[in-house]
Amino acid sequence: MKKLFLMIVFSAACLQCIAQAGLKPIVAKEYVLGSMAVAANGKSPNIVLSDNDWQGVKRAAKDLQEDIKMVTGHPVSILTDQPSSAAIIIGTIGKSKLIDDLIANGKINVAGVAGKWESTLIQVVKNPMKGVDSALIIAGSDKRGTIYGIYELSSQIGVSPWYYWADVAPQKSSALYVIPGRHVIASPAVKYRGIFLNDEAPALSGWAYKEFGGFNSKFYAKVFELILRLKGNYLWPAMWGRAFIDDDKLNPVLADEYGVVFGTSHHEPLTRAHDEWKRYKGGKWNYDQNPQQLREFWETGFSRVADKEQIVTIGMRGDGDEPMTEGTATALLERIVKDQREIIEKVTKKPAKETPQLWALYKEVQDYYDKGMRVPDDVTLLLCDDNWGNLRKLPKLNEKPHAGGYGIYYHFDYVGDPRNYKWINTNPIQKVWEQMNLAYRYDANEIWIVNVGDLKPMEFPISFFLDFAWAPEAIPVEKLQEYSINWAARQFGPTYAEQTAKIIDTYAKYNGRIKPELLDENTYSLVDYREFETVVNDFKKLEVEAKQIYNQMPANLKDAYYQLVLHPVEAASNLNELYYITAKNKMYAAQGRISTNDLATKVDSLFKRDAQITNYYNKVMASGKWDHMMDQTHIGYTYWQQPDSNKMPEVVFLAPTEVSPSKPSLGLTIEGSKNFWIGSSTVSDKFPVFNRYQSHTSFYVELFNRAQGELKYEVTAPSFILVETFKGVFTTDKRLEINVDWTKAPKGKSTSKIIFKGSDGSKITLPITVDNEVKTDKEGTLFVANNGVIGVEAINYNKAVNSRPALWRDLPNYGKTLGGVMPSPVTSPSQGLNKNTPHLAYDIFIDEVGDFTLNTFISPTIDFTNTDGLKFAISIDDETPIVVNISKDYNNEAAWRKSVAESIKIFKTPLKFTKTGKHTLKYWMVTPAVVVQKLVLDLGGMKPSFLGAKETYNIN
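Taking this note's numbering, the leading residue of the sequence shown gets 11, the next gets one more, and so forth.
Treat the hints as calculated values from the structure; they're not laboratory data.
Treat each hint with caution, since some may be false.
Said to hold, decoys possible - No more than 35 Å apart at the CA atoms, straight line, and that leaves these computed lysine-lysine pairs for DSBU-like:
1. 291 with 182
2. 182 with 39
3. 744 with 960
4. 696 with 845
5. 629 with 551
6. 117 with 68
7. 356 with 294
8. 744 with 696
9. 788 with 908
10. 767 with 845
11. 809 with 512
12. 259 with 105
13. 140 with 126
14. 657 with 696
15. 568 with 232
16. 259 with 291
17. 53 with 201
18. 898 with 373
19. 105 with 220
20. 898 with 410
All chains should be built: construct the whole structure from the sequences, respecting the hints.
Written out as structure tokens, the structure reads:
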């Protein structure tokens with residue numbers, strides 16, 4: 011009895027493990043005792059179905075038939091209610107006679123599956139019925155449960171959900187076995203999980219018309235299949251100039267047959283597409299003035315599909331997805347909702363609560379809710395982000411349950427202020443995880459739908475969004491890297507999975523710093539912290555890595571690798587270099603460099619390369635299959651809306667008459683300055699101070715020619731100064747790195763000079779300062795000053811002080827630079843400040859006293875609690891912490907636009923230091939959900955930059 015009890019406990023524990031982690035690998039390439047061959051000895055088992063099962067199940071079974079053939083080369087037959095000695099028996103509990111007979115005869119145990127939402131049992135059974143020696147049973151709790159089981163097997167034998175949409179080649183195998191055991195796919199955490207095709211012109215629309223003749227049932231069949239293979243179940247169809255139901259009467263019929271729940275977007279009530287009002291000559295889109303026509307419009311529209319599985323959008327916005335009125339017309343909107351529900355009851359002849367509905371609190375509609383408007387309790391409240399991936403509102407913890415639940419409408423693509431972002435993927439999964447983890451923990455889990463724009467090129471974040479919606483507990487932040495590696499392995503195999511995953515995560519991080527559409531020549535600093543050149547060099551390094559793997563990929567995987575990995579890297583790398591060279595061109599022109607025109611020509615070349623990259627994606631890759639999918643303009647924005655065509659940035663060409671010297675002439679500029687010096691002169695701007703404790707070991711000067719011809723140069727410097735080359739010849743530009751040999755440098759702080767002589771007779775003197783002061787208390791793991799600034803990556807804390815249940819949680823590779831840190835759980839209560847309050851400690855060393863400013867880089871999280879703001883606190887040593895409210899000054903449009911455009915909020919806190927030496931900078935938790943990325947203490951030398959000063963750790 012005790013043994014039986016332990017077995018029951020163990021089984022329950024395993025089921026819980028499965029529920030949290032999703033289905034682990036169940037397909038092996040070698041036989042183990044009790045396993046079932048999907049492919050062996052040149053053959054595969056037949057598929058057996060019951061005639062009375064769902065059409066969607068039968069259709070998915072045909073996909074499995076093709077998948078097995080693609081992977082193994084073996085033809086497979088589909089049999090209806092006929093035994094086969096070896097079989098894959100597929101069916102829905104309560105619908106399939108085959109499955110119900112297996113249950114009745116005790117051949118399978120569906121406890122924990124039957125009656126659940128979208129759950130599946132997969133199990134190898136010996137002698138399940140007469141004439142069958144061995145069978146793989148796929149039994150679903152409902153239609154989609156069965157379909158997901160089918161596609162789970164397809165995925166595990168080597169067919170990617172992206173086999174069509176990204177040309178991922180199946181991973182061939184001659185031997186495949188499903189291991190023994192009772193494999194359960196538990197119900198998803200989020201009930202409805204889907205995508206919204208939006209802002210679909212010119213890319214997706216151009217491709218769809220080229221490939222299918224429009225957004226018709228042929229097009230949507232591919233979309234439905236993808237959603238189901240990704241374990242999604244919900245779709246908002248394309249809507250700008252499109253009408254899902256009206257464009258092709260088969261669209262909703264096929265959606266229902268496939269098993270995809272459809273709806274209409276947040277501003278399209280009762281299944282009516284926005285474009286249909288225009289098509290059928292609707293009058294005023296104003297319920298106050300034109301209620302009868304609107305009611306008739308909604309009723310006739312809903313009547314077309316009332317028998318289909320859908321979620322009905324209720325409510326109303328103004329024409330063209332704009333506010334309905336100025337201010338909040340609560341009484342009017344309440345009347346609209348009441349009348350819409352009466353239409354639902356009239357058409358369905360059922361109580362309205364029996365038809366799933368949602369009310370989207372999008373933009374100004376949230377104001378209605380915040381000011382007290384309510385809808386019937388059965389309606390799902392669809393909460394929204396700010397269009398830039400930051401949730402605006404979440405349910406309050408411990409509030410009275412809302413029967414219809416809460417959902418989230420999220421964005422990977424957007425058209426609107428402060429700038430459209432539609433071109434390539436700019437959505438790091440680390441950010442998606444951080445925000446959707448909030449949704450999950452605050453129980454907004456009825457619906458998750460994400461605006462994916464053209465669908466491509468959002469393949470990776472779409473996969474993550476739907477996987478995370480299914481099983482959030484299976485993907486904690488610590489497993490995000492593992493997730494990326496596994497995803498890469500599923501597409502390209504294990505050989506390059508780790509390197510490929512790193513490339514995908516890194517390019518998304520770089521693109522997530524600022525949307526490419528917002529990028530220009532002024533985004534990054536050209537002269538301070540080597541910022542712009544570092545960004546460009548990092549992108550180019552990533553491009554080299556991606557191309558190396560691409561060149562080693564088998565031919566059948568190159569198209570997939572290009573579109574999923576290499577294209578977003580090389581396209582973004584080229585764009586960043588385009589703006590970098592544009593910035594240099596304008597600075598060089600101001601300095602009179604002879605190389606100015608070379609850079610103008612290079613800008614033109616990079617602009618043309620952008621077009622070549624686009625052409626390759628559209629016309630060459632996959633033999634032109636995806637023509638138009640990269641038609642989206644992305645260069646030349648002047649305000650939020652996209653330009654009609656890409657426009658090259660303006661550059662400067664110096665005419666011969668504008669080049670002042672007639673013969674070679676030396677100019678010099680220094681790191682950190684756009685000024686320049688010529689002739690016999692002394693550099694008047696301050697050159698960075700060399701410090702033995704700084705992590706940045708060298709600084710540069712640039713010599714340049716102001717006319718055609720060769721220039722010789724010679725450098726004279728103290729013996730402890732290391733110059734890259736002390737003499738040489740150049741024609742355009744020459745950068746020289748300067749460093750210090752600390753074994754020879756004079757002790758203490760000293761000044762000296764470096765002299766640069768040119769063959770044109772010029773002599774330019776550069777004063778330098780070297781700080782070789784040794785301080786024993788400065789040794790160790792400290793952050794030290796470097797030219798008037800201390801830079802700290804938040805994730806590199808010296809100590810994390812926790813106070814259970816509140817703990818600090820690292821978010822590696824999150825945000826704009828190295829990572830982020832946040833309190834966990836995100837549902838923790840607000841903290842009172844005392845010595846035991848959770849805080850992060852950073853040991854710093856300062857050489858001077860005074861009043862300084864700490865710049866704290868915080869993710870642009872919105873106060874989703876809609877209370878008095880999200881907060882953190884700052885202190886030095888044991889002083890009283892200073893509380894900072896990250897929401898207080900971000901309630902106006904200008905501040906919000908800046909925070910989302912720059913993907914950061916920076917808070918300035920004045921701090922007073924009364925003694926030099928070692929101090930501990932403390933960052934305190936006050937409220938949860940605040941993510942800190944970086945801390946920069948300005949000691950008087952902080953320069954303007956987009957990413958903030960680099961980290962200044964102690965190298966000794």
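Tested hints:
For the hint pairing residue 291 with residue 182, the CA-to-CA distance comes to about 54 Å; that exceeds 35 Å, so the pair is violated. Distance hint between residue 182 and residue 39 is fulfilled; the C-alpha atoms sit about 11 Å from each other, no more than 35 Å. Restraint check for residue 744 and residue 960: the C-alpha separation of about 25 Å stays at or below 35 Å, so the hint holds. For the proposed pair residue 696 and residue 845, the alpha carbon gap of about 43 Å is over 35 Å, so the pair is violated.
For the hint linking residue 629 to residue 551, the alpha-carbon distance of about 27 Å falls within 35 Å, and the restraint holds. A threshold of 35 Å between alpha carbons decides the hint, and for residue 117 with residue 68 the separation of about 23 Å falls inside it, so the pair holds. The suggested pairing of residue 356 with residue 294 holds, with an alpha-carbon distance near 24 Å, which does not exceed 35 Å. A threshold of 35 Å between alpha carbons decides the hint, and for residue 744 with residue 696 the separation of about 20 Å falls inside it, so the pair holds.
Proximity of residue 788 to residue 908 is assessed by CA-CA distance (about 38 Å); at most 35 Å being required, the pair is judged violated. Restraint check for residue 767 and residue 845: not satisfied, since their Cα atoms lie roughly 60 Å apart, outside the 35 Å limit. Between residue 809 and residue 512 the alpha-carbon distance is near 28 Å, which keeps this suggested pair within the 35 Å criterion. As the CA atoms of residue 259 and residue 105 are separated by approximately 27 Å, the hinted pair is consistent with the 35 Å bound.
Taken as a hint, the residue 140 and residue 126 pair is honoured in the structure, with Cα atoms around 29 Å apart against an allowance of 35 Å. Pair hint residue 657 plus residue 696 does not hold up; C-alpha atoms about 38 Å apart against a cutoff of 35 Å. The suggested pairing of residue 568 with residue 232 holds, with an alpha-carbon distance near 22 Å, which does not exceed 35 Å. Distance hint between residue 259 and residue 291 is fulfilled; the C-alpha atoms sit about 20 Å from each other, no more than 35 Å.
At roughly 38 Å between alpha-carbon atoms, residue 53 and residue 201 are farther apart than 35 Å, so this suggested pair is violated. At most 35 Å may separate the alpha-carbon atoms for a hinted pair to count; residue 898 and residue 373 meet this at roughly 19 Å. For the given pair, residue 105 sits about 40 Å from residue 220 by alpha-carbon distance, which is inconsistent with the 35 Å threshold. Note on residue 898 and residue 410: the hinted pairing holds, with a Cα-Cα distance of about 28 Å set against a maximum of 35 Å.
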